[in-house]
Amino acid sequence: MAFGDILMQLAAGFTVTLKIFFITVVLSLPLGLLVALGRMSKNRILSGIVSIYISIMRGTPLMLQLICVYFGPYYLFRVSLGTSYRMLAIYIAFAVNYAAYFGEIFRSGIQSMPKGQYEAAHILGYSRSQTFMRIILPQVIKRILPSVSNEVITLVKDTSFAFTLSVMEMFTMAKALAASQTSMMPLFVAGVFYYIFNFIVAKAFDIFEAKLNYYRF
Amino acid sequence: MKVLEIKNLAKSFEGMEVLNDISLSVEDGEIISVIGPSGSGKTTLLRCACGLETPDSGEINFDGTFGMVFQQFNLFPHWSVLKNIMDAPIHVQKRDSKEVEKQARELLNKMGLSDRADAYPYQLSGGQQQRVAIARALCLNPKILFFDEPTSALDPELTQEVLKVIKSLKDLNIAMVIVTHEMAFARDVSDRIIFMAGGIIVDEGTPDKVMNSDNERTKAFLGKLAGENI
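Note that the protein sequences, when read in sequence, are chains A and B. Heads up, the first sequence is in this note's numbering, so the first residue is 1 and it goes up one at a time. Heads up, the second sequence is in this note's numbering, so the first residue is 1 and it goes up one at a time.
None of these hints come from the bench; they were simulated from the model. Zero decoy hints are in this set.
Selected chain A positions facing chain B (in silico; Cβ < 7 Å):
#1 Gly116
#2 Ile123
#3 Leu124
#4 Gln139
#5 Tyr215
Far from chain A, by Cβ distances over 12 Å, these chain B residues were calculated:
#6 Glu14
#7 Asp63
#8 Arg217
If you want the ones that stay clear, here's a sample from chain A, every Cβ over 12 Å from chain B, calculated:
#9 Thr15
#10 Val96
#11 Gln111
Since the structure is predicted, the reported quantities are computational estimates derived from the model, not experimental observations. Note that beta-carbon positions come from the ideal geometry of N, C-alpha and C, so glycine has one too.
Required output: the full structure, derived from the provided sequences and hints.
The following block contains the structure:
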């Protein structure tokens, strides 16, 4: 197989990788914010449940979680969702897993905000939701950006776990090609793809960080 | 007319009684300084009055809105000076932004900061930040303004610059309750001085009366300060 063909096949797999990546980011960031709010809730039952959820997500392998989400409905409820469920299972497992990590990052950011910001907002008459959306959250985003960027870069590489469910993303494709061609080259090329993509992701975060540099705490 | 009336206020923290049956009323435009040793309950009194602490018992009644100036300024670091001042009037009081901007710029002018409207809080000195915080509080047109040790985080030079600004507010006819350790300032600016110790109001009256009080506790406190502040 010519190098060009390998490249084309990997590029096709890469679009699946990109899809998993973007959908996970878009779902898990807002979900993470909810996780943080749930974890900090004064309602003991809610915060307890969220704590257990975070603990399980962080304490078990993502690969196992993928398997559970995909096969769980059948083993628990005898529901067959068919192969079309495969991609959905991937998105659910990734989003739910990453939301746990993002949730902890958001929580650390929110809890590091000085009490005086809340007090000043309260005296000025802002409602609780105004205080959070206008005053707290924008500052939290600046504080947590480096941690979020770390996590997002990890996600780019973690998309390769989708091979667990035989989804034809780039890494699965590279492994298959390496086996059929008895060559390491497809895997190496896949590595280059990951690296370039992560390089772009890191740059994007650098630009965002620089944009938020107009103020300091 | 009264702008604030506090009746029989009590507050304790974990069994420690911080405020014990405090009653206080503030007249329209009146300037009151609250003095006393650390731990006497001065700050807790202010924080209860403006709702940052929930009193155990007692009654607090306001006529109109109030503002607060904090020891640590508490400006919003992600907003420019002008935005810090304008945001609450626009988004809380739902006022017209043009009218608010006009008022905000006038206030900045009064604070001697008209050239700093577009600066961010981190670019300002502590004294400048505190003056912005005062402008921010004033832009909501409060009937009463609380100051919680407004100069305690500032060096002597910046302290003077902030005290000068507070004095200049006298002609705005807004009632002010100022918790302070600056005795000379309290004497100059106040209509009434309240001396607190151990969670009660020990002494109160005109600056002359309190500064020359016969009360032993007041004399002891002022005597200790005599060497330093006055």
